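Residue numbers (the working numbering), protein chains in the order written: chain A, 186 to 497; chain B, 186 to 497.
No lab work stands behind these hints: they were computed from the structure. Some hints here could point you the wrong way.
Put simply, identical chains are the same to the list, so a pair is met inside one copy or across any two.
Simulated pairs of lysine-lysine, DSS-like, Cα-Cα distance not exceeding 30 Å [unchecked claim]: (1) Lys-258 with Lys-414; (2) Lys-469 with Lys-341; (3) Lys-469 with Lys-220; (4) Lys-469 with Lys-399.
Fair warning: this is a prediction, and the values are worked out from it, not measured in the lab.
Number of protein chains: 2
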Amino acid sequence: MEFSMKDFWNGSRRALARAITIVENEQDGYEEIMKEIYHHTGRAQVIGVTGAPGAGKSTLSDNLVKFYRKMGKTVGVCAIDPTSPFTGGAILGDRIRMNDLTLDQGVYIRSMGTRGSLGGLSRKTADAVKLMDAWGLDVIFIETVGVGQSEVDIVKNADTTLIVLVPGLGDDIQAIKAGILEIGDVYTINKCDRDGADRLNVEIEMMLDLGEAKDWRPPIARTIANEGKGIEDVVNGLNEHRKYLEESGLLEERRRERVKSEMAEMIHDRISRHVMEEITESGKFADYVERVYERQTDPYTVVDSIVGDIFK
Amino acid sequence: MEFSMKDFWNGSRRALARAITIVENEQDGYEEIMKEIYHHTGRAQVIGVTGAPGAGKSTLSDNLVKFYRKMGKTVGVCAIDPTSPFTGGAILGDRIRMNDLTLDQGVYIRSMGTRGSLGGLSRKTADAVKLMDAWGLDVIFIETVGVGQSEVDIVKNADTTLIVLVPGLGDDIQAIKAGILEIGDVYTINKCDRDGADRLNVEIEMMLDLGEAKDWRPPIARTIANEGKGIEDVVNGLNEHRKYLEESGLLEERRRERVKSEMAEMIHDRISRHVMEEITESGKFADYVERVYERQTDPYTVVDSIVGDIFK
């Protein structure tokens, strides 16, 4: 497939899709694309959506997309696949969202997996968001299914994070909740017609009370996503948070922090790759592995020596 | 608190606990400890336990521990906490397992969080397992709550992986299942008295049929962990897999691979830290961040230049 930046700037959806693929797979030309588009980023409202598995995030996102469309905004969705360490994810990718949204030219939906992985999924997501932003989408959702550290890292690419919770999912979920509660700017209790919605609401309030006092108190909405109920409250919360970010100067602060951590990650990746290539090529690494495996030495001593060699 | 290797080798539980804390927090002396114990590792049977949130992994693990104890084995448990990116996890840590197991001198239970984090949780877990192994525990469980990539990475520290599934947890779970299915050596359908257990069994069989044909066909047990039912079947599956690993030579292969990836990770960590310290101290990094944030340049160009400087 051919790709031209001219098509990209002219608004071709195919060019956007192609650009994301090039970046995702780190194919030739990906750095050139990123360098060219970087100056045109920073315009979109970027919203992360995460929460416990089974909370109904996809349905909720679909409803949010439709709401923003009615407000005249163009919308991008970056849906993170549950990662398969062997086939490289994309389990959900080809299955979701085969609905009316895909026919709307003002909506662009993209699944991100770890196919062709070298860099991390977080970096790829950040790049895909930048591409959608530069291409001209007004609102971009980053949607993750999981609840682990890597998913939290991914959501950090957003300006505002929406946490979707659901009543009654057991003990593990309670614990996970405590972890994700700290990154939430807006909450919604989805499937709020289920037993336990009130208790969950009280629990969230209590956790927020326990946390550090901040200028922004996250609002807690209630939704029944598959009936389209409560969506407006969520959107109001998201927009209020956006306003707060802008007026308080926190938007700049968060984005500056993000530049910093992105650059640090890129430097890590590049250096590690360079070093591993060098020691793998020389055959030194294979020798060391064998000696450590045979317990003739230990990995700590070996790593000291390898790293010492590099920075001598 | 004082720590001596002599106490550690004499079987002091307090010394084991202290050693893990030193390693977890990368306090002074941690590399010396790891260098000394490394030669005494490789004896324990290391079993990973993972699965969807709410599947009842903790209760199942407790039952497995008791079963191995009855077989006369000493047992260690490394329980990974759901990670909180800000407070550093340990939500579950102090809550779980305040039961009869903690009174048994043949059992050692430890929660791992990301407190004092610099290296990753996967590296810390690997080190804690090595300490338990060298200290003399026969069977070591690594138990994770999450389902994301980081949890999968952690479970890769085990020789045998047990996947705990549960009927009827909705769509997200189905997708996650597909991801973790590929790392399972033994499966159990927990809460198997619930509706949907048979269907789940068929689904797992189908996924296994779809996967690459291998010499080992993972057995699927059925348990009701909180009634102690079906535990023996799981243990039989785990032990058969162990036997298979040893006889096929796969145990050596997996452990060699693990040495390789552990060393690669250590090298990455060390080099990245060294480089970041250097460029942070010089103030260069802060300048670059500001210029990128102001979009006077882009991160790709800047990283090219920083990395180029290091390896010129």
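These are the hints, each one checked on the structure:
1. Proximity of Lys-258 and Lys-414 under a CA criterion of 30 Å is satisfied intra-copy only: 21 Å inside one chain copy versus 55 Å between copies.
2. Taking identical chains as interchangeable, the C-alpha atoms of Lys-469 and Lys-341 lie at most 30 Å apart only when they sit on different chains, with a minimum of 24 Å there against 38 Å within one chain.
3. Within a single copy, Lys-469 and Lys-220 get their C-alpha atoms only as close as 36 Å, which misses the 30 Å cut-off; across copies the closest is 20 Å, which meets it.
4. In the homo-oligomer, the alpha carbons of Lys-469 and Lys-399 never lie at most 30 Å apart, since the shortest distance is 52 Å inside one protomer and 32 Å across protomers.
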